[in-house]
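A.B. asks: Using the sequences and the accompanying hints, generate a full structural model.
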Amino acid sequence: IMFKLSERLMSCAEFVNSESIVDVGTDHAKLPIWLIKNNIIKYAYACDINKFSLEKSRKNIQKYDLDKKIKIFYSDGLSNVSENMAKFIVIAGLGGETIKNILKNCTWSEKNKKNKKFVLQPTKYDHVLRDFLLKNNFEIIQEKIVNHNKYNYTTILCEFLGKNYKNYKNYKFDKLYAFLGKIPANKTSIEYIKKNIRYLEKFLFGAKINKNTKYQIEIESIILDLKNFIKICEKNLD
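The numbering used here puts the sequence shown at residues 27 to 264.
No wet-lab data here; the hints were simulated from the structure.
Ideal Cβ placement from N, Cα and C applies to all residues, glycine included.
Be careful, since some hints might not be right.
Said to hold, decoys possible - Calculated lysine-lysine pairs in the PhoX-like style (CA-CA distance at most 25 Å, straight line):
(1) 68 - 161
(2) 228 - 150
(3) 68 - 139
(4) 228 - 139
To be verified - Simulated DEER-style distance windows between Cβ atoms:
(5) 208 - 136: 32 to 42 Å
(6) 237 - 44: 17 to 27 Å
(7) 123 - 227: 16 to 26 Å
(8) 33 - 240: 38 to 48 Å
(9) 141 - 36: 36 to 46 Å
(10) 234 - 261: 39 to 49 Å
(11) 208 - 33: 13 to 23 Å
(12) 90 - 240: 13 to 23 Å
(13) 75 - 44: 16 to 26 Å
(14) 243 - 151: 15 to 25 Å
(15) 36 - 236: 20 to 30 Å
(16) 228 - 137: 41 to 51 Å
C.D. replies: As structure tokens, this is what we get:
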């Protein structure tokens with residue numbers, strides 16, 4: 027009997043449009059197994075830094091008789107992932123700071139990065155990851171917000187456009203983009219945006235205590251923009 031993917035992993039699966047993927051931090055290899063069994067991809071590479079996770083992956087792959095279609099191996103991020111393995115790279119279920127460092131430490135050539143799309147799903151510090159993407163020539167193509175175990179996740183589909191890609195230079199936009207990205211203006215996004223507002227309000231409180239007027243104005247401006255985005259989401263409910 028085939029298992030069902032969680033909403034969190036399903037949002038990653040929905041972005042995959044390729045014959046193969048590399049699943050970084052695969053844990054139990056459920057995503058590549060499900061994608062192959064549903065004829066979405068033909069083969070996959072699944073890697074993890076945790077040897078216990080790799081053992082879980084091995085057992086699951088054998089259970090579904092996919093030894094010849096899924097190759098598992100040890101890798102710290104993308105360190106052991108070759109440039110030519112696949113055009114779709116999935117990095118899901120890790121913190122935004124960790125995903126940022128995985129991309130930052132990637133030694134692939136710009137030419138090879140350009141041929142790939144990345145499905146990224148941070149568990150926290152989403153704004154840190156988006157800020158890195160914006161400033162390092164990755165373009166976010168699409169985002170999807172999902173609720174899993176009462177927690178809101180964003181799944182980001184992006185691609186590397188190279189050093190010739192002209193980043194936005196507007197300071198306010200840069201700061202807002204980190205918290206908003208390309209989140210869809212719908213019902214699912216409302217709680218996610220509210221979570222970001224609560225996060226920013228903590229820093230706003232600190233800025234007021236420390237009488238850091240410049241920082242206070244900056245945070246208030248972002249919060250206002252996020253609240254306006256919520257209003258757009260609510261209008262789309264009508």
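A.B. asks: Hint by hint, where does the structure go against what was stated? Just the numbers, ascending.
C.D. replies: 1, 4, 5, 6, 9, 10, 12, 15
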